[in-house]
Structure formats: C-alpha cells, structure tokens
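K.L.:
Each chain, letter by letter, is given below.
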Amino acid sequence: MAQLNSKIPSGPLADKWRKHKTEIKLVNPANKRKYKIIVVGAGLAGASASATLAELGYQVETFVFHDSPRRAHSIAAQGGVNAAKNYQNDGDSVHRLFYDTIKGGDYRARESNVHRLAEVSVNIIDQCVAQGVPFAREYGGLLANRSFGGAQVSRTFYARGQTGQQLLLGAYSALSKMVGQGAVKLHVNAEMLDLVIVDGQAKGIIVRDLVSGAITRHAADAVILGTGGYGNVFNLSTYARGSNVTAAWRAYKRGACFANPCYTQIHPTCIPVSGEYQSKLTLMSESLRNDGRIWVPKKAEDCKKNPSDIAEADRDYFLERLYPSFGNLAPRDVSSRAAKRMCDENRGVGPTGLGVYLDFAEAIQRYGKQAAGRANLSNPSAEKIIELGEAAVKERYGNLFDIYHEITNESAYKQPMRIYPAVHYTMGGLWVDYNLMSNVPGLFVLGEANFSDHGANRLGASALMQGLADGYFVVPYTIGDYLAGIKPGSCPSADAPEFKAAEQYIRDFTNRLLSAKGTEPVNYYHKKLGKIMWDYCGMARTKEGLEKALVEIPKLRAEFWANVNVPGSGDTLNQALERAGRLADFIELGELMCRDALTREESCGGHFREEYQYPDGECKRDDEKFAHVAAWEFQGEGKTPLRNVEPLNYEFTKMSVRSYK
Amino acid sequence: MVAHQVSEKNISVTIRVWRQAGPGAPGKFVDYPAKDLNPNMSFLEMLDVINDGLERQGQDPIAFAHDCREGICGTCSLVINGKPHGPNKAIASCQTYMRSFADGETIIVEPYRATPFPVVKDLITDRSAFDKIQQAGGFISVRTGSPCDANATPIPKEDADLAMDAAQCIGCGACVAACKNASAMLFVSAKVSQLGLLPQGQPERDSRVLNMVAKMDELGFGNCTNQYECSAACPKTISHDFIARMNRDYLKASFRQAFRAKSDAVAGGA
Numbered sequence: 001m002a003q004l005n006s007k008i009p010s011g012p013l014a015d016k017w018r019k020h021k022t023e024i025k026l027v028n029p030a031n032k033r034k035y036k037i038i039v040v041g042a043g044l045a046g047a048s049a050s051a052t053l054a055e056l057g058y059q060v061e062t063f064v065f066h067d068s069p070r071r072a073h074s075i076a077a078q079g080g081v082n083a084a085k086n087y088q089n090d091g092d093s094v095h096r097l098f099y100d101t102i103k104g105g106d107y108r109a110r111e112s113n114v115h116r117l118a119e120v121s122v123n124i125i126d127q128c129v130a131q132g133v134p135f136a137r138e139y140g141g142l143l144a145n146r147s148f149g150g151a152q153v154s155r156t157f158y159a160r161g162q163t164g165q166q167l168l169l170g171a172y173s174a175l176s177k178m179v180g181q182g183a184v185k186l187h188v189n190a191e192m193l194d195l196v197i198v199d200g201q202a203k204g205i206i207v208r209d210l211v212s213g214a215i216t217r218h219a220a221d222a223v224i225l226g227t228g229g230y231g232n233v234f235n236l237s238t239y240a241r242g243s244n245v246t247a248a249w250r251a252y253k254r255g256a257c258f259a260n261p262c263y264t265q266i267h268p269t270c271i272p273v274s275g276e277y278q279s280k281l282t283l284m285s286e287s288l289r290n291d292g293r294i295w296v297p298k299k300a301e302d303c304k305k306n307p308s309d310i311a312e313a314d315r316d317y318f319l320e321r322l323y324p325s326f327g328n329l330a331p332r333d334v335s336s337r338a339a340k341r342m343c344d345e346n347r348g349v350g351p352t353g354l355g356v357y358l359d360f361a362e363a364i365q366r367y368g369k370q371a372a373g374r375a376n377l378s379n380p381s382a383e384k385i386i387e388l389g390e391a392a393v394k395e396r397y398g399n400l401f402d403i404y405h406e407i408t409n410e411s412a413y414k415q416p417m418r419i420y421p422a423v424h425y426t427m428g429g430l431w432v433d434y435n436l437m438s439n440v441p442g443l444f445v446l447g448e449a450n451f452s453d454h455g456a457n458r459l460g461a462s463a464l465m466q467g468l469a470d471g472y473f474v475v476p477y478t479i480g481d482y483l484a485g486i487k488p489g490s491c492p493s494a495d496a497p498e499f500k501a502a503e504q505y506i507r508d509f510t511n512r513l514l515s516a517k518g519t520e521p522v523n524y525y526h527k528k529l530g531k532i533m534w535d536y537c538g539m540a541r542t543k544e545g546l547e548k549a550l551v552e553i554p555k556l557r558a559e560f561w562a563n564v565n566v567p568g569s570g571d572t573l574n575q576a577l578e579r580a581g582r583l584a585d586f587i588e589l590g591e592l593m594c595r596d597a598l599t600r601e602e603s604c605g606g607h608f609r610e611e612y613q614y615p616d617g618e619c620k621r622d623d624e625k626f627a628h629v630a631a632w633e634f635q636g637e638g639k640t641p642l643r644n645v646e647p648l649n650y651e652f653t654k655m656s657v658r659s660y661k
Numbered sequence: 001m002v003a004h005q006v007s008e009k010n011i012s013v014t015i016r017v018w019r020q021a022g023p024g025a026p027g028k029f030v031d032y033p034a035k036d037l038n039p040n041m042s043f044l045e046m047l048d049v050i051n052d053g054l055e056r057q058g059q060d061p062i063a064f065a066h067d068c069r070e071g072i073c074g075t076c077s078l079v080i081n082g083k084p085h086g087p088n089k090a091i092a093s094c095q096t097y098m099r100s101f102a103d104g105e106t107i108i109v110e111p112y113r114a115t116p117f118p119v120v121k122d123l124i125t126d127r128s129a130f131d132k133i134q135q136a137g138g139f140i141s142v143r144t145g146s147p148c149d150a151n152a153t154p155i156p157k158e159d160a161d162l163a164m165d166a167a168q169c170i171g172c173g174a175c176v177a178a179c180k181n182a183s184a185m186l187f188v189s190a191k192v193s194q195l196g197l198l199p200q201g202q203p204e205r206d207s208r209v210l211n212m213v214a215k216m217d218e219l220g221f222g223n224c225t226n227q228y229e230c231s232a233a234c235p236k237t238i239s240h241d242f243i244a245r246m247n248r249d250y251l252k253a254s255f256r257q258a259f260r261a262k263s264d265a266v267a268g269g270a
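Protein chains in written order, with the working numbering: chain L, 1 to 661; chain Z, 1 to 270.
Isolated chain L (complex conformation) (with noise of 0.2 Å):
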C-alpha cells in the first residue's frame, strides 16, 4: 500500500510557505550543476520549471511531443490568470482567493497547497509582465482586470482572448533563452513512453522520436511531469487532439497513485456539436459571462423560433434567476448543469436542442450607449448606439466573435451565441505531496497533470496561476529538498538493467500495436471510448450507469486490442501507432475513472451523482464520508487497482454548502 504523506508544514495557515522554504534543504550553487533533472512536457508548468532550474544551475534536459515548445495546450487558454493583487482596489486578498478557489473546489482541495497557490499568484504577474507579457492596460498605463467565475471582484489579467498563448510565449522565451546557452537541452518530437523506476525512485524516461521512430533511455536525478490534462479520454472536447494521457499514465502503472481521476471539468460555454465527423470541440472564454447573458426560451414551444422573436418577458434567464449574487458569473460546474436542467427540461435550443442562448444584446446597448455618452451626441439613433456598442464588444471580445463565426457562419453580434456544456479540464491527476512529489521519490507532477490545487472543481482563470505558480515558484524550491539528501553525481547510467528493462518493455508494446491489423481505424474506438465516458461519467453520473460503464469499457479494450488496425512501421513517423498508443492508455483511464466516480458516492463540483443531490438539483457532498482525496494505485494488469485515501483536514475553513444564490 502506497505510503501518502502530504507533508503539510504545521504552523497558521499563511505562515506555512514561508516557513517551509526557511526549512527545506538547498543545494550549494557549486552542486547544483551535479544534478541532472528531466522535464516532460514544456506547457506553462513544465517551460517555467524548465527555465528556472536551469537559471539556478540544474542540468535540464526538456522534452516535448510537439514539434516545438511553443505549442502545448497551454497557449489556447483564452481568458485569463488570476493573481490577488488587488490593484482594483475592490477588497482582494490572498485570503479571499483562497478563499474563493476552496469553495470553488468545493472543499475538496488541500487547503494548505492553494493557500500557497494564492500566496505566489501576484509573483506570477510580476514575472510576466517583466517577461514583456502584453497584459491589457488602462488608458492611465496600469494593468486591467476583469471578473471570472466564482468570485467577487476583478482579479483576472488578461492578454485579449489569447491569455494563454502570451503567458506559455514568456514562458516560452524564459526556456529558449536557457536553450540558447546551453543551461537546458531541448528534445523535440519526443514522447514519453515510460518512467524509469530504480531503487523504488524515479530516475529516468524511456522516449519515443516521433519522426525517426528510435527508442532510448535517459537517466536523471529527478523527473517532472508537466504533461497536461486528459479530459481527451471523451474524444470529444476543448482539448488539443494530441493532448494525452500516456505520460502521467504508464508513470501509473510504474507506482505513481492518481488522485480523484472522476473530477473532470465540464466548460459551460462551447460550441454545441455539429455532426458525426466533429474531432473537437471550441470553447467561447468564460470572460464572455462578464457581459452575455444566458438564456433559454421559458416555453418548449418557443425553442425552435427566431430568437428574435422571442419576447423578453418569454425569455428565462435561468442563471440570474436561479443564482441572483453570482448571475451568469456563477462557476464552472453549476452553470453547465443548470444548462443541462435546461435542456432536458426541452427548452434548449439549436438544431439538436442541446444549447443554451449567450446573449450580447443588453451589452451592445449599454456599452452603445455609454460611447455616444464619452463622444457627447445628443439624440444618437438607434443605428448609431447599435454601432458604437458593437465596436466596444469588439474591442473586447472581438476574436472570439471571429471564433464563433467561423465555425457557425452566424455573427454573433447579431444574433445570440448559441453554446453547450463540453469536457475542459481535469482537476483530477497524479497524486503529491506538498512538495508537488508524488509517492514514488524523485518523481514530480506539475500543473493540470497533478490533482492538487482545484479540489472537485476549478475555478476560471486558476489553471493558468497553477501552472505557472509550480513551474516557477514551488518546484524550484522543493525539488532542492529531494536533491539534497541524493549524492551528487549518484545518477544511474542508462545502460542499468531497469532502463533496459524498460525499454524492452516498450519496444514490446510498440511492436504489439503495429501487429494490430484488424479492420477498424484508432479513431473509431476513440469515438466509441468518447461516448461511453460522456453518457455514463459526464456531467451526471449514476450507479448504474457507472457500473454499466465497467462493463463495457473492458469489452471495448479487448475489441481495441483485437481489431484496430495500425498501418505502417515503427522506425518512421508514423501517426497511427501515436493514437493507438495514446488510445491504449485512454482505454484504462476511463475504467479508473469510472470506477473511482462510481466510489464516490456523493456529489460534489464536476463531480455530480444524480443519487446525491438537493431538492434544487444543487451537488449534495458527504463531508462525514468523502471529505478526503482518492489515490488509486496500480495492482498488475487485470487486477482491481487498490484506493488509497488522503483525509482532507480543514483546519482553518469552515466546510458549508457552497452556495452562489
């Protein structure tokens, strides 16, 4: 059974960073250059972690699947990063955002870790706007905010709709410049197969190239992951089409526990589903809810109408009405169910009736308005209010509009969004400690690939202050803890017996897949995958779905392994085998996460069983039995996977109903 100490320091509750950084080992500068320390992915999390280290004298070596660091998932988050900088002057704090991102989460999160995590959140800004980070600026010169879901003030940095691209490009340089001198050696197109386990720790990565197909081994003192989410296992979602879970995965199946793999974010504003052939989905930013407004028709009859011509006093606005404080910022979770309520209550809209409205009207006017006020016209026609409103959306949200309109050909300032619930974010993931180690040593999670900071839900605007916040600011500091009690230059060769091992292991796999020559294509498992995971663990879950679920997920991995076919070689670029790779891992992960949403027996934020809930379709928790995280442990292949518990102890935070009415 798998040892899961959180290491959490004692002490009040803002003093333990401080006084852990005084307390955890350092490395002398003059040893540092004696580690050697390998980075699996360059999203935010991994290309900060990347380029720190290596500014304070590590060894780096940096892979990549991609073709290039510039490209993780990373860069298509739209919205915004949060940091308590309260420069708005409208009552932030860090203890208010802490505050928010527990209850967020709704209080199944470490309270400890995202007190940290709010803590380090105005360093971030601070390090990238010196970065050259082009964040929004009032006309005064000084940084901009706006609001996200789930909280009371504006403490959202932004970069337009690219958020996300600006923050992994600094992230990006602060790498390239270490790559630059030498300080990190970069591997491109290299995918990790599988963690290298010696003397029960972490010591090196079996990889992939993905152009020239060639297998090797690196050995290193330590190895971070900072490989992203798998919100992919649904086929269908906001996520990249290579973002995998195959990395996190086979360290997995080596000994590291996932933590509360159920816990999936379901993103309220998307795109709805068009067709059949659909490989992804598109999100519309959260920072639209600043001014759309959410709607559906109050009659069924009406669903199919013009929204046009929909009266006003026809219209419900199911958010405002059910969530009066929180309107249409309410979070994540909420909003997509009650969307959901929506529409299996048939009033949804759209050619499916799977979708809600998001409506810019009122904000066209009202900003039309407030500009022919600054542009003092007396009496502007309506025409005139419309253009000047339209022209401050724009301004505002004007590549999301241009995201919108190519995909539907609709314009969106002329006529509502039309959006749906999709699969966005995992806050389950690799379990660790406070030192973001997990339980096998010398093995580090960072980012959306751990389960620490979010709990059962995120918060808007908080994935990207994770990433960052632990690529910059935490690991930094705490990887010199481990380091320090490991001899410099003790590194394993890579010629060890466990690398060759491993290896082989590998080679074994690889070559299992490409004699796979059945009749059906990697994807058209994917797609089957994507649908038994949405329709029994998406956004409401139940015992019998769940189990049903667990019955055939391992009929559709034997059909998987029986019938796929993967043309081609493995010693070339080779597409195919990468999916069906990525696929195989997917295949298991969906059962772990059936399996443990199928544990969880009550309802708490993306978490949602229909069993468990309030009269008012609100997530009814079981703090008596569930106020802990689940770590799932590997057993051997066809053996039930032990779980391990971490008891969540809210010292300093009152467990309540959360509540945004």
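It should be emphasised that the hints constitute simulated quantities derived from the structure, not laboratory data. Worth double-checking, as some hints may not be accurate.
Claimed, not checked - Within a straight-line C-alpha distance of at most 16 Å, the following computed EDC-like cross-link-like pairs (lysine to aspartate or glutamate) qualify:
1. L:Lys-36 to L:Glu-61
2. L:Lys-555 to L:Asp-508
3. L:Lys-185 to L:Glu-61
4. Z:Lys-35 to Z:Glu-105
5. Z:Lys-132 to Z:Glu-218
6. L:Lys-517 to Z:Asp-52
7. Z:Lys-89 to L:Glu-588
8. L:Lys-16 to L:Glu-588
9. L:Lys-527 to Z:Asp-52
10. Z:Lys-89 to L:Asp-402
11. L:Lys-394 to Z:Asp-161
12. L:Lys-528 to Z:Asp-52
13. L:Lys-639 to L:Glu-588
14. L:Lys-527 to Z:Glu-45
15. Z:Lys-252 to Z:Glu-218
16. Z:Lys-83 to Z:Glu-229
17. Z:Lys-157 to L:Asp-495
18. L:Lys-32 to L:Glu-61
19. Z:Lys-157 to L:Glu-395
20. L:Lys-517 to Z:Asp-161
21. L:Lys-654 to L:Glu-61
22. L:Lys-528 to L:Glu-276
23. Z:Lys-35 to L:Glu-111
24. L:Lys-527 to L:Asp-433
25. Z:Lys-262 to Z:Asp-249
Unchecked claim - Simulated coverage check for chain Z against chain L, where a stretch passes if three residues somewhere in it have a Cβ under 8 Å from a Cβ of chain L:
26. 71-80
27. 197-209
28. 253-262
Just so it is clear, CB atoms sit at the ideal spot from N, CA and C, and this is done for glycine as well.
Once you've looked at the hints, dock chain Z against the given chain L.
P.N.:
Relative to chain L, chain Z alone:
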C-alpha cells in the same frame, strides 16, 4: 435572421495530396475522393475521414501537422490550392471549413515549400529554425523571482496594444511559405517589435535585433523585397509595418554597435 444561412447540402470533392515518405524521398501527388461531406466539417476533419478510410485498409494515412484545431498553436501548416492556410483570410488551416469549397472541386494540398523548412513526411515540415531564431535573442533576460511590482512601470495603452498586435504571432511559418524569398522577416519582426515596444525590452533591444537577424540569415531564410505576401497569408494578420520597424531598429543598432564607447572593465574584482 435565420440560424443557418449556409446551404446544408453535402458536397463531394477530390483531394490531390502531396505524399512523400521522408526528407530525401521523392514525392508525388495522389488523388483521394472525399464524398458526401457536411459543409460545416473542418478541412482537417475531412482529412481525418480520408485517413480513417486508409487505415481501415491498412494503408499509410496522410501525415499532417495539427494539434489545437482552434487556430492558436500554430502547428497546422497546409498549403491549400497554392495558398498557405487556404483560401480564407486571417485564419489557420484548421479553421478552414468545407463550406469554402465548391461541390466537385479538386483541392490541391501541399506542404510548405521553403528551403529552411524541409519536408519531414507528406504535409509535415521541420520548422525548428524558428525556435533557433528565438533562442538567439527572442526574450527579455529576467531571472525568475527578480522583477519589481507589475504596476511599477506604467506602459501607455497604445504601446501595450501595439506590442500585443505583434505578440499574436503563432509561429506557424505561413509567412515564410508565402514569400518567394522564403523570408522570415515578418516572424522575426513581430518578436523584435513586441519586446522593443515595451520598456522592459530596452536593455537588450540592440543585441536582440542584431542576433535574431544574424541567426535568421544563417539559417537560410531570404530577404524581404516588400511584396507583403507574408502579412496577406498571416492567420493573425500581423502587419508588415513591423518589418519596417525592425529594419529601423537594425540600422540603429548596427550604428550604435559600431560607434559605441566601450568600457575597459573586466569581470571579477573584489
């Protein structure tokens, strides 16, 4: 106002694709029929469907680069009917929809054609040269943890907005593919301008432009002859004005470097 202005009638097209097994191998065009396509399908989804069919028959699927499929990661890089990223302005290949094509059309799909971007396989090219240019100077040297408060230096909104215009570059390389000289000037000037417009970027402004341009030349990218095919092909509509800005910076930096007073100080000391 109707929900769908476009015709929902399905279309059929022929895809004429460049197939090339590897960097040194000879390549050729191969035709694939794509029938009964929903016009709301993306171009890449159409390729997915063709590839599913090929895989079903045990044939090598068409290799193409793609990832986010929402126009921001810069991975997709198709030349469709002779145009990098296809017929529509200001979008990436992944945001091209089949409604942009006529029923019965033959659509030619090629990889980028530029010496610094060699073909890896089929429609995939090696664009690592862009990373090398970034590594030569596309950054502000700021150690983690050392900066002052983010609001300590106010930056005029106009400057921040212009820097953001330049910063939107997704590093896809369409500018190079569109240029008859395979010039990377738009890409390099976007980064040089973003950082050069901001106060934080001033200390390294000269060395940045000199080093990035030198690396660009060394890697075999051509020069700019002011045809502006680059900005026309750019999915983020980055303006060629940034090239002029970079040239100005380059000239100033070259003079300053030539005539700069140099200190005799050496490193070390007490």
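K.L.:
A separate judgement is required for each hint: does it hold in the structure or not?
P.N.:
How the hints compare with the structure:
no.	hint	result
1	L:Lys-36 to L:Glu-61	holds, 8 Å
2	L:Lys-555 to L:Asp-508	violated, 23 Å
3	L:Lys-185 to L:Glu-61	holds, 5 Å
4	Z:Lys-35 to Z:Glu-105	holds, 11 Å
5	Z:Lys-132 to Z:Glu-218	holds, 10 Å
6	L:Lys-517 to Z:Asp-52	holds, 14 Å
7	Z:Lys-89 to L:Glu-588	violated, 42 Å
8	L:Lys-16 to L:Glu-588	violated, 38 Å
9	L:Lys-527 to Z:Asp-52	holds, 12 Å
10	Z:Lys-89 to L:Asp-402	holds, 12 Å
11	L:Lys-394 to Z:Asp-161	holds, 14 Å
12	L:Lys-528 to Z:Asp-52	holds, 14 Å
13	L:Lys-639 to L:Glu-588	holds, 12 Å
14	L:Lys-527 to Z:Glu-45	holds, 14 Å
15	Z:Lys-252 to Z:Glu-218	violated, 21 Å
16	Z:Lys-83 to Z:Glu-229	holds, 10 Å
17	Z:Lys-157 to L:Asp-495	violated, 56 Å
18	L:Lys-32 to L:Glu-61	holds, 14 Å
19	Z:Lys-157 to L:Glu-395	holds, 13 Å
20	L:Lys-517 to Z:Asp-161	violated, 54 Å
21	L:Lys-654 to L:Glu-61	violated, 43 Å
22	L:Lys-528 to L:Glu-276	holds, 12 Å
23	Z:Lys-35 to L:Glu-111	violated, 56 Å
24	L:Lys-527 to L:Asp-433	violated, 35 Å
25	Z:Lys-262 to Z:Asp-249	violated, 20 Å
26	71-80	holds (count 5)
27	197-209	holds (count 3)
28	253-262	violated (count 0)
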